[in-house]
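**Q** Residue-level listing of the chains:
Number of protein chains: 2
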Amino acid sequence: MVNKQQLTVVKIGGDIVDNDQLLQEFYNHFKKISGPTVLVHGGGNKASALQKELGIEPKKVDGRRITDAATLEVVTMVYAGLLNKKLVAGLQATGKNAIGLSGADGDAIRAHKRSVADVDYGFAGDIDRVNFSFIDELLSGGYTPVFSAITHDGKGQLLNTNADTLAARVATAMSSKYNVQLYYCFTKAGVLEDVENGDSLVERMDSTIYAAMKSAGQIVDGMIPKLDTAFEALSSGVLRVHVGTIQILSDNTQKHTTLCL
Amino acid sequence: MVNKQQLTVVKIGGDIVDNDQLLQEFYNHFKKISGPTVLVHGGGNKASALQKELGIEPKKVDGRRITDAATLEVVTMVYAGLLNKKLVAGLQATGKNAIGLSGADGDAIRAHKRSVADVDYGFAGDIDRVNFSFIDELLSGGYTPVFSAITHDGKGQLLNTNADTLAARVATAMSSKYNVQLYYCFTKAGVLEDVENGDSLVERMDSTIYAAMKSAGQIVDGMIPKLDTAFEALSSGVLRVHVGTIQILSDNTQKHTTLCL
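Those protein sequence lines, which keep their order, are chains A and B. As numbered in the numbering used here, residues 12 to 272 make up the first sequence, in order. As numbered in the numbering used here, residues 12 to 272 make up the second sequence, in order.
Because the hints were derived from the structure by calculation, they are not lab data. All C-beta atoms in this analysis are idealised placements derived from N, C-alpha and C, irrespective of residue type, glycine included. Mixed in with the good hints, there may be bad ones.
[What the hints assert, rightly or not] Beta-carbon label-pair distances, calculated as ranges:
hint	chain 1	residue 1	chain 2	residue 2	range
1	A	Ile235	B	Glu68	43 to 49 Å
2	B	Asp29	A	Ile220	39 to 45 Å
3	A	Asn39	B	Arg215	55 to 61 Å
4	B	Asp29	A	Glu36	49 to 55 Å
5	B	Ala128	A	Asp31	27 to 33 Å
6	B	Arg251	A	Leu34	41 to 47 Å
7	B	Asp29	A	Asn56	26 to 32 Å
8	A	Asp31	B	Asp232	34 to 40 Å
Work out the full structure: start from the sequences and follow the hints.
**A** Okay, here's the thing in structure tokens:
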């Protein structure tokens with residue numbers, strides 16, 4: 012472990028992507044990270060807003076979007092186009108040689124269409140394989156890969172994937188060579204004991220605490236798949252997972268939630 | 012020249028991108044090209060259609076789109092998102108390891124906002140620099156770069172660029188190392204003496220013939236910047252420029268227009 016190179020994988024949520032001022036602050040923190048970095052970005056409200064403008068009714072089950080053909084077009088446009096290129100151009104301006112990717116680019120991330128059980132999620136993709144060599148090649152070349160959560164099945168079909176999961180899977184795949192620290196950044200300070208109370212930050216969360224909080228109903232909605240995935244990443248080789256604001260990227264005294272097994 | 016490696020740069024027009032059947036045929040021809048290849052794609056009608064759905068009035072002067080902020084969002088979504096990723100996923104399915112790029116990705120193509128003279132083109136970008144090393148690195152790694160015509164200024168601003176020009180500029184930049192053949196593919200057989208008559212194909216066009224046809228009013232609209240740029244590429248090191256259908260990519264007996272100085 013000691014001899015492995017450090018790699019930082021950062022996932023930023025839609026609440027940051029949607030806010031131009033926060034995004035500028037994010038660039039400032041992100042550029043201070045030393046060593047190779049990977050960025051994964053969420054979608055924000057733009058996709059839902061565009062769907063509404065186009066008269067497509069956004070459908071979600073348990074916080075997960077149902078991706079019909081029209082919705083897949085919209086998320087491909089917004090995530091892989093508008094947001095991804097905006098972030099890449101923004102990072103280029105800070106001197107980071109960013110390269111925007113979907114899972115189809117360089118065959119970076121293959122997925123399969125989620126099979127229909129209780130719910131038909133449409134063109135939702137569950138990840139099968141992260142292309143370690145391709146991402147490693149980019150990192151070794153000094154590039155910063157910037158992933159939107161659009162993947163492909165290798166047969167020409169694009170798929171809509173959960174960005175939290177994608178970040179965890181990329182982090183896990185890269186941990187064979189790197190000491191990977193995974194950061195989930197959003198506008199909250201971290202995992203809160205009481206979501207209504209910003210001061211109730213859980214600074215250190217292991218799987219026992221997590222299980223207890225989950226059964227007590229203190230972890231809800233999108234936080235459940237995010238944390239499930241994060242603990243999976245930890246048990247698959249990722250060194251540390253941090254959850255908090257963008258400040259934690261450049262200031263390690265900043266309070267946040269650190270996950271450990 | 013003899014010792015240089017062959018490189019094929021292909022630009023496909025919106026009339027191909029818009030048509031799913033033609034696109035499948037295109038993949039079949041494109042995959043038969045031996046040696047390194049670069050693909051540049053145009054926009055098609057999707058951007059204008061989306062603008063209309065969103066209540067943005069598409070504006071053009073002399074066939075060139077006026078790119079206001081709302082239009083820039085739309086073309087970034089459609090060109091760099093929807094169409095680029097669709098093409099990349101389609102090429103991956105044929106076994107080509109495609110990687111979709113805007114000019115911002117890997118700092119591939121820098122441009123500046125066109126200065127306002129008679130017409131304010133808005134966020135239209137004129138190319139300053141093609142990043143030879145980055146593209147060469149991808150080609151040497153066995154990747155097929157797939158460019159949409161969205162570029163950046165290096166200061167965080169995305170810009171809308173003419174795809175014909177972008178193809179010619181990439182071809183020119185790569186000609187320092189490669190023997191470059193540039194193909195402009197669309198649904199016509201090539202340059203026609205009489206646009207109304209499909210049988211009036213000009214098979215070989217040099218700059219003298221071009222000048223004569225231009226003054227006779229036989230070359231009009233979007234063909235003028237396309238051919239101007241193509242002749243510029245020829246005088247800057249590109250070996251040959253071909254204009255015709257997608258069939259010419261895999262069948263060199265197929266009639267088309269070959270441009271030469």
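**Q** Each hint should be assessed against the structure and marked as holding or not.
**A** Tested hints:
no.	hint	verdict
1	A/Ile235 <-> B/Glu68: 43 to 49 Å	holds (45 Å)
2	B/Asp29 <-> A/Ile220: 39 to 45 Å	violated (54 Å)
3	A/Asn39 <-> B/Arg215: 55 to 61 Å	holds (57 Å)
4	B/Asp29 <-> A/Glu36: 49 to 55 Å	violated (41 Å)
5	B/Ala128 <-> A/Asp31: 27 to 33 Å	holds (30 Å)
6	B/Arg251 <-> A/Leu34: 41 to 47 Å	holds (45 Å)
7	B/Asp29 <-> A/Asn56: 26 to 32 Å	holds (29 Å)
8	A/Asp31 <-> B/Asp232: 34 to 40 Å	holds (38 Å)
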